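For this one, chain H is given, so just place chain S on it according to the hints.
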Amino acid sequence: MLRFASIRLLRAIITILAVVTFAFVVLRMSGDPAQVMLGPDVPQESVDAFRKAWGLDQPLWIQYLAYIKSIFSGDFGVSMRDKASAMQLVIDRIPATLQLTIPALFLKVVIGIPAGVYAALHRQSAVDRGVILAAIFGFTIPSFVMGLLLVLIFSITLGLLPSGGQDTWQHGILPTLTMSIGGIGILARFSRSAMIEVMGQPYIRTASAKGMAWQDVVWRHALPNAAVPIVTIVGFMVGSLIAGAVVVESIFSWPGIGRLLVVSVTNRDLAVVQCILLIIAATMVVSNLIVDLLYGWLDPRLRAQNAH
Amino acid sequence: MTAPSVNAPLIEAKELVRTYEVRQGMFGKVTPVRAVDGINLTVMPGETLGVVGESGSGKSTLGRMLLGIDPSQEGETFFEGKPMPKLGTPEWRALRAKMQLVYQDPLAALDRRLTIAEQIGEPLAIHKLVPKEHRAARVAELMVAVGLRPDQADRYPHELSGGQRQRVVIARALASRPKLLVCDEPVSALDVSIQAQVVNMLRDLQEKNRIAMVFISHDLKVVRNMADRVAVMYLGRIVEEASSDVIFSAPLHPYTKALVSSVPVPGKPLKGRMILQGEPPNPANRPSGCAFHPRCPLATDICRTSVPQLRQVGDGRTAACHLVAGADQPVAA
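First to last, the sequence lines map onto chains H and S.
Mapping the first sequence onto our numbering, position 230 (from 1) lands on 242, and the numbers just tick up by one.
Mapping the second sequence onto our numbering, position 121 (from 1) lands on 127, and the numbers just tick up by one.
Excised from the complex, chain S in its bound form:
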């Protein structure tokens, strides 16, 4: 993938925080859960940022916050240098044309009552992008672009296969020529054979239209295939961020190491792999210090008491771990 030529980031998130209130116990004690806990990230035009992490790490919430669908309690998002307008305002709605979302389950993301042509054409109608008489032609063009036949225009979602439905969702997302596409587990509901087709199609379309993409997935193989850069999330925080090649060849954070070594490689024995013990902790009951320490094989005393900050650990890469060589010493233990 070509390196972005423009230096201004397309989207920039600063210290994003999203807290949910969860009722616990018999008396419904309200416990705040920080699903997204102080996240900074930037995406350049045309670039793909992979976001990986286990379920409950806050990656989907982060995706919705970047789009401004889920409001942040703290922090700010800038799109093309301008702060994100308030949810639901006319400016916010107008901005939707530039940023689109692809969900995991394509059948649920489509209205079963409308034909696929009606749904693909909907963003055009909402944002009045194409005059009515040319809309059908544009829809047909989009359908061809995602590998559907124009004669399928009058089909309903239930008449298509899973892969075809996801193509419809992608065509709909591309209709308004967005600059940013947030894909939240876009292929994990599809058969493996279909996954590759859809991933390749997404990549082609992205390159052709220079769309920036935030690709959220728990499937490292797919992320490796798609992403220029990868951010690893654990319990609402980014624990490591680096270019895709670097993170898969030389992960630094113990959690990243465990994730990377969990990817099965054909012909390679299971021996010597780092296997994660246990489940991710309950976000409502966050471990002290480094949230990963109860599962970390290398944890020391400092990990139990002090929260490691995300620091530069080399050229264009950051990690949040006390034990990573090259990291500055923490300010206070």
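Same shape as in the complex, but just chain H:
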């Protein structure tokens, strides 16, 4: 188990390092921060001075080594805009993002999974068809369309809810809904197909042939077995708690990580972008790790493999 854990940990660190490296290279090749920050009409001396001040005049690999070195000593750089600590900027924005993504995740799980399971248990019924239709509708409409649609209905036509900002809890409703609808659809589809597959298994038929009550068959045999694929999807959703709000935060002017990312990319604020990507990669990796551990709990066959 220790060996397994250390291999996984090493792999996690390599994954994060790869993301950081990729971001580092791509960001520096896609535009000059000096040009963006200072504007088009500044004299060459100012540009050179800016580059020198931020070390951008050094060869790429020297910049990279310096950056990696500072990361490992806990220094994530400062924003080129106001010299504030990049990590602090990012951390300050995390609560706002979580205010949207955690309720959205909650909605996805408590609506999507039961809807899918219910549809699977009442296959070919009107409810089943309705769930499939709604699910397809939900996850095929991209969030920027869904967000505008909801604004059109609830803010402009009905005048019920604000269309942007973060002043009251009502401001969070539309972004949360926008974010959750697609996930509800995906989870409903996955739960439905996972349950249908499990319900067709001989051990389910034997369980009811043994005289087990229907709800016991569902709770004791069907749901735990159908949980494996569902947990995978939920794990991905947990992994995107921080990263998943970029588009929605931009639509609803919500001051979270997503908006910070968009603004920082536009400004070529390298340290901030890198810091966000690092945190996103870390949450993804951690949630995948948790999913792997959950698998072992859900499926004894995998537990045996991990032991070696």
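None of these hints come from the bench; they were simulated from the model.
Values in this document were obtained by computation on a predicted structure and should not be read as measured data.
Hints are not guaranteed to be accurate.
Below, in silico cross-link-like pairs of lysine to aspartate or glutamate (EDC-like), each with a Cα-Cα straight-line distance of 20 angstroms or less [to be verified]:
| hint | chain 1 | residue 1 | chain 2 | residue 2 |
| --- | --- | --- | --- | --- |
| 1 | S | K185 | S | E86 |
| 2 | S | K92 | S | E82 |
| 3 | H | K95 | H | D69 |
| 4 | S | K263 | S | D225 |
| 5 | S | K134 | H | D69 |
| 6 | S | K138 | H | D228 |
Relative to chain H, chain S alone:
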């Protein structure tokens, strides 16, 4: 095997019919398929009835219908003289303790997430047969009875061999002390060497506990080994039924003859054997008259036009064939 001493049948099926709807063609035309088409049979307490036939003959459907898991559209099943309760009702569930099912694929029949002890003990919990504190002891007893070691109790299905898994399934089926066991191809997924072990174990357990058994298989050697009586199915109907010895030594129906002669016998040349031509017909497109006539080497005109009924053709044996000597003449041609 001892002859049953009680004269009342344990289970009696009368004119069972099960129709599936199959969509065919581009426009999904619904065609009814009679998987089980008017079957009568009885099983006495402690007796083993073998059901043989090719794939698609409806033998598995028949097995599930006898257990009341698959509802019949026509006909009725009586268990211990009482009609089968409706599927899913509390009476139906209570009756499950008395009749159990063993499937072909033991790995699929087991929940991979639960230890084998949990699964063997499940019928005890469902039917509240053994108080919780004695359950582990009863499970251990069952495991020994099927040739498993009690120290394997905490294993998971994937940690066992195929033969051991089938022993788990059998132990689970026996947990509630059933009177009827329907075994649907119980050994055909196992290696031949393991098959013999499991078949012998089933026979011992059956004799010891006086369980009646419906043994469904396409493997005639195994059926011959297990069954007191054999029913031969073809396309949803029984075409011949007789005691096991009689059916294997002197089959009457041409289909039975073909099946019996297809069993390889060591040292005996293949010459003179009756080899079946072609595949069983599509049940959705049943041949007229005797369903077997397109493959029957002896078919005459009457076979193409008139459906032969199952008739007495001697002491305790029946056959459905126009050409079998001793059969009454059909009522109408």
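| task | Sort out which numbered hints this structure fails and list those numbers smallest first. | result | 5
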